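One line per chain: the protein sequences are A and B, in this order. FYI, the working numbering numbers position 137 of the first sequence as 186, with every residue one higher than the one before it. FYI, the working numbering numbers position 130 of the second sequence as 179, with every residue one higher than the one before it.
These are calculated hints, taken from the structure and not from any lab test. Take the hints with a grain of salt, since some may be wrong.
One copy or two, it doesn't matter: identical chains are merged, so the pair holds either way.
As the list claims (entries may be wrong) - 20 Å max Cα-Cα, derived EDC-like pairs, lysine to aspartate or glutamate: (1) 108 / 208; (2) 108 / 74; (3) 241 / 74; (4) 108 / 167; (5) 224 / 254; (6) 224 / 238; (7) 224 / 141; (8) 108 / 268.
It should be emphasised that the depicted structure is a prediction, and the values quoted were computed from it without experimental measurement.
There are 2 protein chains.
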Amino acid sequence: MSGSRRGRPTGPTGSVIGRALQLLDAFGPERRQLTLSEIARRAGVPLSTAHRLINDLGKWGAVERGEDGLYRIGLRLWEIGSLAPRGPGLREAALPFLEDLSQITRENAQLAVREGAELVFIERIAGSGAVPVLTRVGGRFALTATGVGLVLLAHAPVDVQEEVLGSPVDRHTAKTVTDPVRLRRMLADVRKNGFSVSDRQVTMDALSVGAPIRDRHGEVVAAVSLVVRHGSTTPQALARLVLTSGRAISRALNAPA
Amino acid sequence: MSGSRRGRPTGPTGSVIGRALQLLDAFGPERRQLTLSEIARRAGVPLSTAHRLINDLGKWGAVERGEDGLYRIGLRLWEIGSLAPRGPGLREAALPFLEDLSQITRENAQLAVREGAELVFIERIAGSGAVPVLTRVGGRFALTATGVGLVLLAHAPVDVQEEVLGSPVDRHTAKTVTDPVRLRRMLADVRKNGFSVSDRQVTMDALSVGAPIRDRHGEVVAAVSLVVRHGSTTPQALARLVLTSGRAISRALNAPA
């Protein structure tokens, strides 16, 4: 997708539309209800400007103002967002296979896509015996630590890889690989083996194995993973399952509608 | 939500932001990939204006342009939309109860909210023996025919009821109630009984029973329903199940976080 952005928004794009959309960035998983002044402060615009822009956003339904005076993301935005092919479209094609993975293993099956230099989780199905994980559907994560992230990074354009490997890498546990040289070797292994292994790199009790999902041109457009309790099985045993699912989802995605 | 809109957008709101957001309305479930000229034509703006506005939307990630030149709704919009309390927030609280309903009955459990004079489906769980239904998650429907719709309309503000009952009512089957006088009586029954019954009003093989979901002030904020094959059970038997779920979801929704 040549029109996609890299990473999180960092400042005004200059246009009035850019400034308005930037107000929406003030909202987050821990900030679902905001006052107008909180929105203005987070977006770095004067209160009067924020007031005018938020009114325009509200007319269309991008935000809603409750009787308590707080602003929330509007239902209309969710409706339009549910048309994004890389989000719900992908999720719909992948869901039966994620459910199979999760039921067979009683563990977490995850689905993610790359957005710039980060990943976005599209779905997570938690099996009945699943190990706790740090992910949230619609949430972002670094590309360097998780099973899905290593797959997406291994198949990212060179400039994205250089950007990620040239920046400090987040450490989650004592096992997190943060050395660029070792990371490069891991990414080469992912491309050679066809799957990724994240061994206690995110939490000390989790092992994750990821596999690519490809479009009809063979490009990697998403990744699927299983996250299981460390010590419960081998990466090789998981890899067979996850690779099979990755191929099945690729096939479902590329089937004529 | 005093800031929410009534019905679908009907024209430019006058502001540049309104015009930009209106471009997004060109996309729909059957129109997920559009050329720039299709977007311009559907939004009723000149091509040059559409080009400028879509570039600003693209910079933030609201739209993405593929290598095929077609525009799609961007992942960023889905990410932000997933923060809407009336969408995924409600879904998360309701999901375990919808799954219970669907597993117990092997039929469809549905969740919807009112948006102006229509409803929006937030979730649908199809049981293993479920009757086919016309709904799509994120899709809209009239308030007059479905189990969830009748609940939402029965508890809507008077001006919304008058708007709906004063307009022609969509007919889906020979059983669809379109007479305003009969509809008023049905809505009174919903308020009196606490649940709605839609008997073959949407398709000739489906019976649906809906119940309200209330916020902490007792206001109806959503509706839950079961949709089963007509003749397989009685509305009264379904009503007990659906009412119980409606209360359980209300309680989960209003529990302190």
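Here is how each hint holds up against the structure:
no.: 1; hint: 108 / 208; verdict: between (40 Å within a copy, 19 Å between copies)
no.: 2; hint: 108 / 74; verdict: both (18 Å within a copy, 13 Å between copies)
no.: 3; hint: 241 / 74; verdict: neither (38 Å within a copy, 44 Å between copies)
no.: 4; hint: 108 / 167; verdict: between (32 Å within a copy, 17 Å between copies)
no.: 5; hint: 224 / 254; verdict: within (11 Å within a copy, 57 Å between copies)
no.: 6; hint: 224 / 238; verdict: within (18 Å within a copy, 63 Å between copies)
no.: 7; hint: 224 / 141; verdict: neither (34 Å within a copy, 33 Å between copies)
no.: 8; hint: 108 / 268; verdict: neither (40 Å within a copy, 23 Å between copies)
Taken one by one, the earlier hints fail for this structure at numbers 3, 7, 8, listed in ascending order.
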